Amino acid sequence: MSIGSFILRRLGSGALSVLGVSLLVFLFLHMIPGDPVDNLLGPDATPDNKARVEKCMGLDKSMPAQFVAFLGHVVDGTLGPQCRTQDSGDKRTVAGRIGAVLPYTVRLAIFGMLLAVVLALPLGVLAAVRRGTWVDTAATVVSLSGIAVPMMLMAPVMLLAFFVWLGWLPGPTDVGPAAILLPAAAIATHLMAMLSRMTRSSMVEVLGEDFVRTARAKGLPERTVLLKHALRNALLPVITIAGLQFGSLLSGAIIIEKVFARPGLGLTLLDAISERNYPVVQGAVFVIAVMYVIVNLLVDLAYGLADPRIRAA
Amino acid sequence: MRFRLFATSTGTPRLSPSAWIGLVMLSVFIIAGILGPWIAPYDPTLIDLDHRFEPPSGAHWLGTDRNGIDALSQLLWGARSALLVSASVVAICSITGVIIGTAAGYFRGWVDEVVMRVVEILMAFPGILMNIAIVAVVAHPGLGVLIGALVVNGWVGYARVARGQALSLRERDYIAAARAIGASHPRIIFRHVIPNLLAPVIVQITFGVGGVILIEASLSFLGLGPQVDYTWGAMLDQGTSFLWRDGYAHYALIPGLAITWVVLGANLLGDGLRDRLDPRQRGKA
Numbered sequence: 001m002s003i004g005s006f007i008l009r010r011l012g013s014g015a016l017s018v019l020g021v022s023l024l025v026f027l028f029l030h031m032i033p034g035d036p037v038d039n040l041l042g043p044d045a046t047p048d049n050k051a052r053v054e055k056c057m058g059l060d061k062s063m064p065a066q067f068v069a070f071l072g073h074v075v076d077g078t079l080g081p082q083c084r085t086q087d088s089g090d091k092r093t094v095a096g097r098i099g100a101v102l103p104y105t106v107r108l109a110i111f112g113m114l115l116a117v118v119l120a121l122p123l124g125v126l127a128a129v130r131r132g133t134w135v136d137t138a139a140t141v142v143s144l145s146g147i148a149v150p151m152m153l154m155a156p157v158m159l160l161a162f163f164v165w166l167g168w169l170p171g172p173t174d175v176g177p178a179a180i181l182l183p184a185a186a187i188a189t190h191l192m193a194m195l196s197r198m199t200r201s202s203m204v205e206v207l208g209e210d211f212v213r214t215a216r217a218k219g220l221p222e223r224t225v226l227l228k229h230a231l232r233n234a235l236l237p238v239i240t241i242a243g244l245q246f247g248s249l250l251s252g253a254i255i256i257e258k259v260f261a262r263p264g265l266g267l268t269l270l271d272a273i274s275e276r277n278y279p280v281v282q283g284a285v286f287v288i289a290v291m292y293v294i295v296n297l298l299v300d301l302a303y304g305l306a307d308p309r310i311r312a313a
Numbered sequence: 001m002r003f004r005l006f007a008t009s010t011g012t013p014r015l016s017p018s019a020w021i022g023l024v025m026l027s028v029f030i031i032a033g034i035l036g037p038w039i040a041p042y043d044p045t046l047i048d049l050d051h052r053f054e055p056p057s058g059a060h061w062l063g064t065d066r067n068g069i070d071a072l073s074q075l076l077w078g079a080r081s082a083l084l085v086s087a088s089v090v091a092i093c094s095i096t097g098v099i100i101g102t103a104a105g106y107f108r109g110w111v112d113e114v115v116m117r118v119v120e121i122l123m124a125f126p127g128i129l130m131n132i133a134i135v136a137v138v139a140h141p142g143l144g145v146l147i148g149a150l151v152v153n154g155w156v157g158y159a160r161v162a163r164g165q166a167l168s169l170r171e172r173d174y175i176a177a178a179r180a181i182g183a184s185h186p187r188i189i190f191r192h193v194i195p196n197l198l199a200p201v202i203v204q205i206t207f208g209v210g211g212v213i214l215i216e217a218s219l220s221f222l223g224l225g226p227q228v229d230y231t232w233g234a235m236l237d238q239g240t241s242f243l244w245r246d247g248y249a250h251y252a253l254i255p256g257l258a259i260t261w262v263v264l265g266a267n268l269l270g271d272g273l274r275d276r277l278d279p280r281q282r283g284k285a
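These protein sequence lines are chains A and B, in that order. Just so you know, the working numbering puts 291 at position 291 of the first sequence, and the rest follows in order with no gaps. Just so you know, the working numbering puts 188 at position 188 of the second sequence, and the rest follows in order with no gaps.
In isolation and in its complexed conformation, chain A is listed as follows (with noise of 0.2 Å):
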């Protein structure tokens, strides 16, 4: 299979999960009890108010017709409007809203995924080099540990320790680049135990292979051996699950926002759900949703290109 038929197939059956998804929370905002509107605007709203944001939110029309407006959004990409504001001349979409958090979300994520296999990369390879000894303990302990720690627990920690007992890294209130450092730890540290333990196994097996005894014998440094012969093989599992786990910072990004009231998608949707805004959770939920798809599909293919055995499969 060629790779552009490959990619084609994939993108047809990411788009038919995220359709799925879709219509699945579609079907639970329509499970509410009490009418969607009274939700939005409280009990004390005018008559001239509710009707409009009924003919705004389409409630008017039927259940299919209504997911088949919201289809019509996601394509001229503004989601929907929010059909909230007072005014009716607001032109905010829900697109919009989601836009102008969307890039704080992302950068943590990214910046929590670096994090994560910059730290969990050494640890696993000394793991596994010093099997046995207290170095692989200590480390099995260090990944254990973040593994078991929810991270409700220890974004608030890190945050008392290093922001406000040691004052060492800047806190929620600071806007600098370095405002990044705190929440990206936080998130990261999961994400690092694991593929920590992933490194460690996928080291410890490729170390008994016979091209590396093959390396060793022709006198490469250890050096060598270790970092350009059993790291680069032991790498692809790690590189699997360090992609299936970018969803996971996505969820993760709920957690460590609300802690540091951090702005982000993850923020927008707890606010989404607080306002009963459900155009905004159907619209933050159906963003999730095709980011975990592309990434996936991305993660598939760095495989294959890791991989030349994969490709031709």
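If you are wondering where the hints come from, they were derived from the structure by calculation, not from laboratory data. Only a predicted model underlies this, so the values are computations on that prediction, with no experimental measurement involved. Positions of the beta carbon are idealized from the N, C-alpha and C atoms, including for glycine. Check the hints yourself; a few may be wrong.
[As the list claims (entries may be wrong)] A partial selection of chain A residues facing chain B, derived with a Cβ cut-off under 7 Å:
{"#": "1", "residue": "A15"}
{"#": "2", "residue": "S17"}
{"#": "3", "residue": "G20"}
{"#": "4", "residue": "V21"}
{"#": "5", "residue": "V25"}
{"#": "6", "residue": "F28"}
{"#": "7", "residue": "V149"}
{"#": "8", "residue": "P156"}
{"#": "9", "residue": "M158"}
{"#": "10", "residue": "G247"}
{"#": "11", "residue": "S251"}
{"#": "12", "residue": "I288"}
{"#": "13", "residue": "V293"}
Given chain A's structure and the hints, the job is docking chain B onto it.
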């Protein structure tokens, strides 16, 4: 003779020491969850405004919260909710998942096609966001709604494991033999296929307990959890919002360490069981 879990004569290794530690940690959680309400020294909803934000003392071993409620009692009752939620979710998910996954792998064809399509849709989405979307639409979710929300996509993992096993089991000779002597499909599935694919499912269940506890705590922390007076997540939410208060940091640590305890126990036991039951997977993260 030493006790050996799922003993066989093939000389595979016993449970590792760390798996035993995990088993003990999980047992402590289960016992606390069952006995908690009886050994709790106070009523977990008893408000005592004269004794707010107290540090640990003889009267209140773990101190009190912002309403003067005894933290130890909250912790023990919280263990009850955590046990209830995790046990129900894992039980429902594993049974549904195994049946659906086995059917998909055993029958192949359109059953498999439909199941895998649904699995793909549910997997195309970070799990907790799906849970949030469901819980968010219910104004005051109880434990039942929470369990339901976690089940919606929780069965997928079990179904995938079971399907993969069933796909290879269906080609075995003893299945062909059973079919040849005229055994019905349900009989083959329940007597021959499912019992033979349980080992990896048990490993998955062990990890699942930790996962469910983490998700429940995350939802409660985001203010979307069950409207019950005592969950670890709600304690953590309160603890972290008062983390800045002098001499009160310990309150956030209590539920945080309890969650860590269960998740760590589940992971240690899960790792050990995987090594024991499925040696090919040994050492994989």
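Hints and how they fare:
{"no.": "1", "hint": "A15", "result": "violated, 10 Å"}
{"no.": "2", "hint": "S17", "result": "holds, 3 Å"}
{"no.": "3", "hint": "G20", "result": "holds, 4 Å"}
{"no.": "4", "hint": "V21", "result": "holds, 5 Å"}
{"no.": "5", "hint": "V25", "result": "holds, 5 Å"}
{"no.": "6", "hint": "F28", "result": "holds, 5 Å"}
{"no.": "7", "hint": "V149", "result": "holds, 5 Å"}
{"no.": "8", "hint": "P156", "result": "holds, 4 Å"}
{"no.": "9", "hint": "M158", "result": "violated, 11 Å"}
{"no.": "10", "hint": "G247", "result": "holds, 4 Å"}
{"no.": "11", "hint": "S251", "result": "holds, 4 Å"}
{"no.": "12", "hint": "I288", "result": "holds, 6 Å"}
{"no.": "13", "hint": "V293", "result": "holds, 6 Å"}
Consistency with the previously given hints fails for numbers 1, 9, ordered from lowest to highest.
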